[in-house]
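So the chains spell out like this:
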Amino acid sequence: MKSLVPLLIVLAAATAFGIWFQRTRGEFRRKKTINGPRMTPDQIGSPLGARVTMVQFSSAFCSPCRATRVLLEQMVQTMPDVTYAHVDAESNLELVRQLNILSTPTTLFLNRDGVEVGRAMGTPKRTQVFAAVAAVH
Amino acid sequence: MQNIEIDARGPRFSAALTTVVLALALVTGSAWVATIQAVVFAIGAINGPQFTPYAFIYRTLIKPRLKSQLRTEDVRPPQFAQSIGLLFALVALVGSATGAPVVFTIAIAAALAAAFLNATFDFCLGCQIYLLLARLRSN
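Taken in order, these protein sequences are the chains called A and B. So in this note's numbering, the last one in the first sequence is 251, and the numbering has no gaps at all. So in this note's numbering, the last one in the second sequence is 140, and the numbering has no gaps at all.
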């Protein structure tokens, strides 16, 4: 038996990170200035919503991506002025770089002009999606 | 590509067992314990996480006792996590073999942190690092 110190450090650090991580997943983060590039229906593979477009970036090695997709596809059905678009991050790396997407799932909330207003990383809760959509002007 | 679906609770249990084994490796500094975990990671990375000894324990001892509803997931995310685990375990073993215990400790600590986060918070390693790797690779 050597020392327990490294183990305790790892467990403490990982727990702190895990709590922070879990709290921030799905949270809508508003961009400080809305000056990003205009995304076109061509880039995201579907038409822009009348008011809001949710663009989800997914990858193959990502379990929560599927849950997020199911949730958002279901939610847009009840919101006539919102559309949903799904983008495979790996086959659109150019776009991923341009938008600085770092992890999956990341969902961008675009306004009617196709400009990003904010984004959520991880699987959002239903209430977080409603709040994010309501925050787009 | 064919998508294989597995019981999503299996990898979570395996992560818990992995956490215990890696914690043991970290505390004892034993290369043997790390080797056992490296072999498990290798099976998980190459054959799939549903074929490891941990998955066997899950199927025979744990699953019959679970009452929660079966939830399946794509096999690729946990398989990816197993290959990252294997990478760290191999770095640890190289460190141990070349007389660099610090390398061993850091690599095992990193793998342990990931396994612990996976077991306790359902942390998805592939979600966080796969896209970064893809971005680096295509640079």
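Because the hints were derived from the structure by calculation, they are not lab data. Some hints could be false.
Some chain B residues near chain A, calculated using beta-carbon distances under 8 Å [stated by the list, open to error]:
1) Trp-33
2) Gln-70
3) Thr-106
4) Leu-118
5) Thr-121
6) Gly-127
7) Gln-129
8) Arg-136
For every residue, glycine included, the Cβ atom is placed at its ideal position computed from N, Cα and C.
Given a cut of 8 Å on the nearest C-beta pair, is the interface hint for B:Gln-129 held or broken against chain A? 5 Å, holds
Mind checking the CB of B:Gly-127 against every CB in chain A and telling me if the closest is under 8 Å? 3 Å, holds
Hint validity - B:Thr-121 Cβ closer than 8 Å to any chain A Cβ: It holds, given that the least Cβ distance between B:Thr-121 and chain A is near 6 Å, below 8 Å.
Cut-off 8 Å, beta-carbon criterion: hint that B:Arg-136 touches chain A: 6 Å, holds
Can the hint on B:Gln-70 be confirmed by a CB-to-CB distance to chain A that is less than 8 Å? 15 Å, violated
Just to be careful: measuring from the Cβ of B:Trp-33 to every Cβ in chain A, is the smallest value less than 8 Å? Since chain A brings no Cβ nearer than about 14 Å to B:Trp-33, farther than 8 Å, the hint is violated.
Do the numbers back the hint for B:Leu-118, that is, is its least Cβ distance to chain A under 8 Å? Cβ of B:Leu-118 sits 5 Å from chain A, so the hint holds.
At a threshold of 8 Å, is the proposed contact between B:Thr-106 and chain A supported by beta-carbon distances? 6 Å, holds
Figure legend: structure checked against the earlier numbered hints; hints not met, in rising order: 1 and 2.
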